[in-house]
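2 protein chains.
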Amino acid sequence: MALYVHKYGGTSVGTVERIEAVADKLKKFKDDGHDLVVVLSAMSGETNRLIGLAQQINKQPDPREMDVLVSTGEQVTIALLCMALARRGLPARSYTGAQVRITTDSMHGKARIQEIDTERMRADLDAGRIVVVAGFQGADATGNITTLGRGGSDTTGVALAAALKADECQIYTDVDGVYTTDPRVVDSARRLETITFEEMLEMASLGSKVLQIRSVEFAGKYKVPLRVLSSFTDGPGTLITTEEDNTVEKPVISGIAFNRDEAKLTIQGVPDVPGVASRILGPISAANIEVDMILQNISEDQKTDFTFSVHRNDFAKAEGILQQIMAELGARSVVGDNKIAKVSIVGVGMRSHAGVASKMFDALAKEGINIQMISTSEIKVSIVMAEKYLELAVRALHSAFDLDASDTVSEA
Amino acid sequence: MALYVHKYGGTSVGTVERIEAVADKLKKFKDDGHDLVVVLSAMSGETNRLIGLAQQINKQPDPREMDVLVSTGEQVTIALLCMALARRGLPARSYTGAQVRITTDSMHGKARIQEIDTERMRADLDAGRIVVVAGFQGADATGNITTLGRGGSDTTGVALAAALKADECQIYTDVDGVYTTDPRVVDSARRLETITFEEMLEMASLGSKVLQIRSVEFAGKYKVPLRVLSSFTDGPGTLITTEEDNTVEKPVISGIAFNRDEAKLTIQGVPDVPGVASRILGPISAANIEVDMILQNISEDQKTDFTFSVHRNDFAKAEGILQQIMAELGARSVVGDNKIAKVSIVGVGMRSHAGVASKMFDALAKEGINIQMISTSEIKVSIVMAEKYLELAVRALHSAFDLDASDTVSEA
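Chains X and R, in that order, give the protein sequences.
For the first sequence, position 101 (counting from the first letter as 1) is numbered 101 according to our numbering, and the numbering increases by one without interruption.
For the second sequence, position 194 (counting from the first letter as 1) is numbered 194 according to our numbering, and the numbering increases by one without interruption.
Looking at chain X on its own, in the form it has when it is part of the complex (with noise of 0.2 Å):
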C-alpha cells in the first residue's frame, strides 16, 4: 500500500467524461489499497475565458483580482470529481488551495509555496477518504487568494508530495512520457523509462513541455519521485528521479530538445570596455524582453560583437531598442535574423564523456548544416542554426547518439 499523489491537467478534465474516466482510473488504485491524494488543474479552455472576460473589462488588471477570478476554474474541477467518486462509492473531499492551507507568499500570478498543513489531509487519508485539491493556487498569510502561474498545477501536485512524504507524484497528462525527442519531428523517437531530474529541467526549458519547470525543480530538491504518464492509454510512462538511481544504466545523451521559435540579434562594433553588457540588456529586461542565448566572443581593436537571442515575438520589439541604444553605445550597427531556431543535446552522460560536442557538430556537418550559435552546460550543448534545418538536424543527431528505437535495445 503507498501514498500518491496524482495530478490530471486540464485536458484530462476537460469534458464530464474525462472527470469519469479519472474517476474510474482512481477506483483501481483505490481498490489496490493505495491512498490517494488528487490535484486538478481547470478543465481546459476555462482558464483563458476567464482571462477572455477580464480582458474585456480592463486591459491591465489587478493581479490579486486576477487570481481571485482564475482560482475559480480548478474550484469547479475539483468538486466534479468528488461527485463522480462519490457515485462509485469512494468518499472523497474536495479543498481550494486556501482550504488545505497552501500557504505562498503574495506575489499574486506567480506565487512561491511557503508551507503546506498536511494535517487535514492526514485525517481525510486516515478516514480513506481521497483527498483532491485545487491546484495552482493556494492563499497569502492574510488569507489573500494566490496562483502559481501557468502550470502551477504540477507544482501543486509535487509540493504536496513533498509535504506527504509521498511514494510518488504521478502527473498524468496527454502524452504517455517523455521522448528522445519530438515523435511528430522523428518517427523513431523513443519513450524514456527513466530520465534525471537535471536532463528533464534542461528538456523542459528548451521546449518540451510535458511538465512545469518549477515542479520540476521543486521535486529535485526534495527528491520526490516524479512520474509522468498518459491519462488516456496504460502504461509505465517515465520516471524522473535523482542522478545516482540510474547514471550506470544510462546513455550518453538521453534525449534531443529543440526550439522553433527563435531570433537572434547582434551589435556590432561595440567598444569592449567593462559594463557594456550591462547597457545592452539592462533595456531589454526593462520592457520585459527574456533573453535565452548570450554571446561574446573575444574583441578585436577594442571592439566586440554582443548576440543574444529573443522569442521571435519580441524580435521587433529588442530591435528597436538596441538602434535606440547603439549611437551612445558608440556601436557600428545592428543586424538580426528572426527565422533561426535552435537544437540541444541533453545528457548527465556527456559530463564524463569527453567528445560528445564535437560528435554534433560532425553529424550536423555531414547534412550541411551550417552553425550560427554555440552554447553549452554541464550537462547539454545547444546550437543554433537557420530554421530550415530544423527537422534534418533533429533526425540526424538522434540518429548518431543512437537514440532510435530498434528491436534490440531493451528500453526496460
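The hints are simulated quantities; they were obtained by calculation from the structure and are not laboratory data.
Among these hints, one or two may not hold up.
Identical chains share a label here; the pair holds if one copy fits it or two copies do between them.
Stated by the list, open to error - The calculated lysine-lysine pairs, modelled on BS3-like cross-linking and capped at a C-alpha distance of 27 Å, are:
no.: 1; residue 1: Lys-59; residue 2: Lys-110
no.: 2; residue 1: Lys-59; residue 2: Lys-317
no.: 3; residue 1: Lys-27; residue 2: Lys-59
no.: 4; residue 1: Lys-25; residue 2: Lys-59
no.: 5; residue 1: Lys-28; residue 2: Lys-59
no.: 6; residue 1: Lys-59; residue 2: Lys-30
no.: 7; residue 1: Lys-317; residue 2: Lys-339
Position chain R relative to chain X; hints supplied.
What follows is chain R alone, placed relative to chain X:
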C-alpha cells in the same frame, strides 16, 4: 456621507456590459462621498450551468461538493467588478464569503449565517476602498464552503448591512420597486414609496418575488432599512421599513398579491377526533409536499371536512396519499381541484380598520366571483377562487381599495 450596502442580482451582472454599468453606478455613489460594500450574485445562467455539469455526473451530488462548485459563480463576478472599478480609478477589494469570514452553520445548500467578522471590511472602508463580497456563500467553523440557498445573496446583503450598521441596504434588481400588484395584470398598479417588513413578508410569500423572504425577515429582525431599486433605471425604488415609521400616512391596504399555481384537496367526512389533522398532514409532509392554506370547519354528526392547498405540481402526489389513508381514517371521500388561484389583500392598516374583509367580499361578489376558501391573518385576507377569475379579481380589488394610480394622489 453614509455607508451603503448594495446588492446586485444575476441579471444586473449578467454580461460584461452590465458589470460596467454597475461600476458606473457605484462611481456616482463614491463621488458623492459614500462608503460602499457591494454584494454580488453570479452572472445569470452561471449557477444553472454549474448545476447542469454536476447533474451530468451525479444525480444526487454531495451537498458539500455542490457548494464548492456553485460558489465559484459569485467569485467570478466579484473579481470582474473590482477590475471594472479599478479602471475607473476606484480602489476595491473582492472577498469570498469565507475570506470575509461570514461564518455559517454546516447545512450545505441552505446554511444560516451565525457570525460576521467586520474587521477586514472596516479596514478597507477606512482606507477608502470599495469592498466587494460574494453573495450567497460563507464557510462553516471548520472552513468548509457553504451556500445560503437560492436568492441567498439578498440575505448576505442584509446580514452585512446589519453587521456593519449600514445606513441602508439597497437591493438592485430588474424591477424598480414593490408594486401594489403585478403591473402585467393591472395597468394602473403603482410603485409603493414604502412598505413595512411584515407587509413585504406577506407579499413575498404570496408570489411577489422581488426579495428573498429570509432577507426580509433578517432585515426586520435587525431593523436594517432595506430599499429595492432598479439597476437599469434611476429612481427612489421602494423602502422597506419598520411599521412605526409610516403607518400614519399609509392606506388600509398596501397591495394585492396573488398566486396562480395552486390546487386544493378536501378529505370529506373525517371523524372529528383529536389528532386527525396530524394524521392527514403527517404523510403529506413526509412526502416533502409543502402545504399552504389549511381549513377545517365546524363538524356535523362528529364528522368534518378537512381542506388544504398545495402547489399544482404536487396535486397528483397529494391526492394519491389521501386516497391511501382515507380508509384508515374512516373518511368518506377525497375531492380536489387543481384549477384554483389565490388572491390576498395585504396591509398593516387593516388591523385597526373593521370592514376590510367585507369590503373585499363585496367587491368580488359584484363581479360574480364565487369564493371557495377564506383564510386570514392580522395583516392579510386571502381567498381562493377558480383560476379563470384571477385577473378580474385582482383588478376589482385594486380599484376597490383605491390603489389605482391617479394624478390627484401624491406618491411622495
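Exercise. Which numbered hints turn out to be false for this structure?
Worked result: Violated hints: none; all satisfied.
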